[in-house]
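Respectively, the protein sequence lines represent chains A and B.
Letter by letter, the first sequence follows residues 1 to 321 in this note's numbering.
Letter by letter, the second sequence follows residues 322 to 754 in this note's numbering.
None of these hints come from the bench; they were simulated from the model.
Certain hints may be false.
[To be verified] Simulated crosslink set (DSS-like; lysine-lysine; CA at most 25 Å straight-line):
id : chain 1 : residue 1 : chain 2 : residue 2
1  : B       : K749      : A       : K172
2  : B       : K543      : A       : K271
3  : A       : K286      : B       : K509
4  : B       : K422      : A       : K316
5  : B       : K544      : A       : K286
6  : B       : K749      : A       : K89
7  : A       : K89       : B       : K509
8  : A       : K71       : B       : K422
9  : A       : K286      : B       : K422
10 : A       : K71       : B       : K746
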Amino acid sequence: MIPNCPEGTTFRAESNIMRKEELLLKKKKKMTPKAKREAIWGFVFIAPTIIGLLILNYYPIIDTVWQSFCKTGDFGIGNTFIGLNNYIKLIHDSEVFSTLWNSFKYAILSLPLTVSISLVLAVLLNRKMRGRGLYRTVYFLPMVCAPAAIAMVWRWMFNQDYGLLNHIFNAKISWVTDPTIALIAIVIVGVWSAIGYDMILLLGGLQDIPKDYYEAASIDGSSGVHAFFRITIPLLSPMLFFIIQTGIMGALQLFDLPFMIMDQSSRAWPKVKTITYLFYEYAFEKSNRGYGAAIIMFLILIISVITFILQKTEKKWVHYD
Amino acid sequence: MKTRMVALLLALVLCLGLAACGETTDNGGSSSGSKVIEVAIWDNNQLDGLQKIADEWSKTSGYKVEFTVPGWDGYWTMLEAGVSGGEMPDVFWMHSNNAEKYMNAGSLLNLDEYIAKDDSLDLKNYFEGINQLYTFNGSTYAIPKDHDTIAVIYNKAIFDKYGVAYPTNDWTWEDFAAIAQEITEKGKADGIFGTYCNVGNNQDGWYNLIYSFGGEVISADKKSSGYDKPETIEAMKFLAEKILPACPSPDSMASTGADTMFLSGLIGMVSMGSWNVNTFYTSDNAEDYAWVMLPYEDRNGNGTCEKEERCTIYNGLGWAIDAHTKEADAAYSLISYFSSKEAQIKQAELGVTMAGYVGCSEPFAKAFGDMDVSPFVQIEEEGTLIFRPYSKSTAIWEDDAYNALVAAWSAPETMEEVVRGIADKMNKTLADE
């Protein structure tokens, strides 16, 4: 899916933006020539990023929308418009909904665990204590490793016959082949690899909370758990909101962990297969790009709705002061 | 508006810079003046051998041959982008998974005229199935490069340990199952199994069984599924009742691959493709391993092996040329040389692969020192070669069969029902082609 000749179009779009900017400048009339020059240079400097975004992000998005209405030919040649047919097929395809449910289950299981564990760790590591730097490094380390490498190592630890986990517990648990627990195994890896990053973000948030609040609270007789829920959580809410929102998006887009850790001949696969994998299967393995595009548009729609709802509830519990 | 001009100029320079980057990568390859033929392959194991053969050709042609080896996934991404973007290597490999797609899109050079003019090349000398694979609407789009077959590798150490006689070439699938079960029985305490056959082991596993039993996966005209043929069902039931019980549990097989388990000394014997020989040849316990021909199925019950009773699936790559190359004549001359008898023998001698040219693979049997891999070649004489089943929508029905069979592997008694279900679904897919 290499765009055919995007340079020309983006260049045009780019100069359009410039012209608009100039109109804006004229309207305001407050800008001095110097400020104007600076504004224009500002645009010149962000041009590489904007061009990159247009070519690498926006063009593919529009192309995907278009493809979802097409019966696609190989190599993007010979696409024929078939209207809503892909979407009609999608509504009647039970696999779309079962894989979507798998993605949701992953999000529901992993997100609360990730947020609560990383919050507790962040609070603990925010105190003055011996070896604090070491602990912070240890918890952050999984973030430094390549996800594929992490998945391969876990795959061997989960191996039911020769794996480390079963050896330690002296058990014979089919971690990634038993349909009832395979998803939990994936959640374990997902949570383990995500807490480091969330913890660092929350630590940053915690350090922005002035100590005075706690001092004032302790004079009034509030400390410990009470202070945590009354002071820490509300003041940390913007960061928590950010983590939850990106966490939901990330969880619903889960692809790499099941793909790397599990084998498709595992009987648990249908219980773990995510909707992004279904998209991959249609778009790249069965070369049905059109249907693949429709699946991913469906997912985008769902994520947008969830994000919209989250944004609406934001005012109720997120405090920006 | 001086500043605006400057800004525009700068942006222009940036764009030109980007475009220039694209140019330079191109210059390394297909531009005409430099007398270079760019060749793309995906298998690093074959690079040295092929470079040697290409150097021979360079001596007479005056062209330099440059190889790029992006690896399997990168290879197809590169070609795919090449077809849409117009930047292709001059010469490259084609594979049964993708050939139809590329021929259909017109991205491969039609070789009919070149072959007609070329006295040194006669397609009759090559494996028929490979020729057919690269024929589209009656025209040839790639010349056979090699072929692969299947044989059984066994671990002598395990056979010795449990006092089981080594398999010989004169064995039936019943013998195979009996030996496998015996080893599984005796090896229970040590966690050792007789054989290994997972759902995904079709080309190097149960496809061979189906054809030896007289069944088929797809009909000769590629219009209907062969999964509901009585012989196919019989073969799959044999697999479920006699072979799967001698394998590790489906859960184990889904967690650990056949090569890993075999190399760890946990599997007595397993059928393997000739493309894997090097893995075992270079492993730590290579002296414990030996190869034997695939078993046969004594369908007529006369106690001897007829040719059609011993079947191996084979597949082969083809050399193809970019439809828009500027060096079509030189590129054709190169692939014609690669596929010539002389180069095909050399390819086998160097242990690169077996030849696509019929009867030139003998040297391959001796290319691995003490390890005798002659069963791969012997089966061509004493058995039947079946081309890996394919149609336009292979990727779809193979995947469907795969998903359905996972259930049958866990509950072998449902095999017949599952296989009939596969036939129905596959017939629908084939009807849509």
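Kindly indicate which numbered hints from before are broken by the structure, ordering the numbers from low to high. 1, 2, 3, 4 and 7
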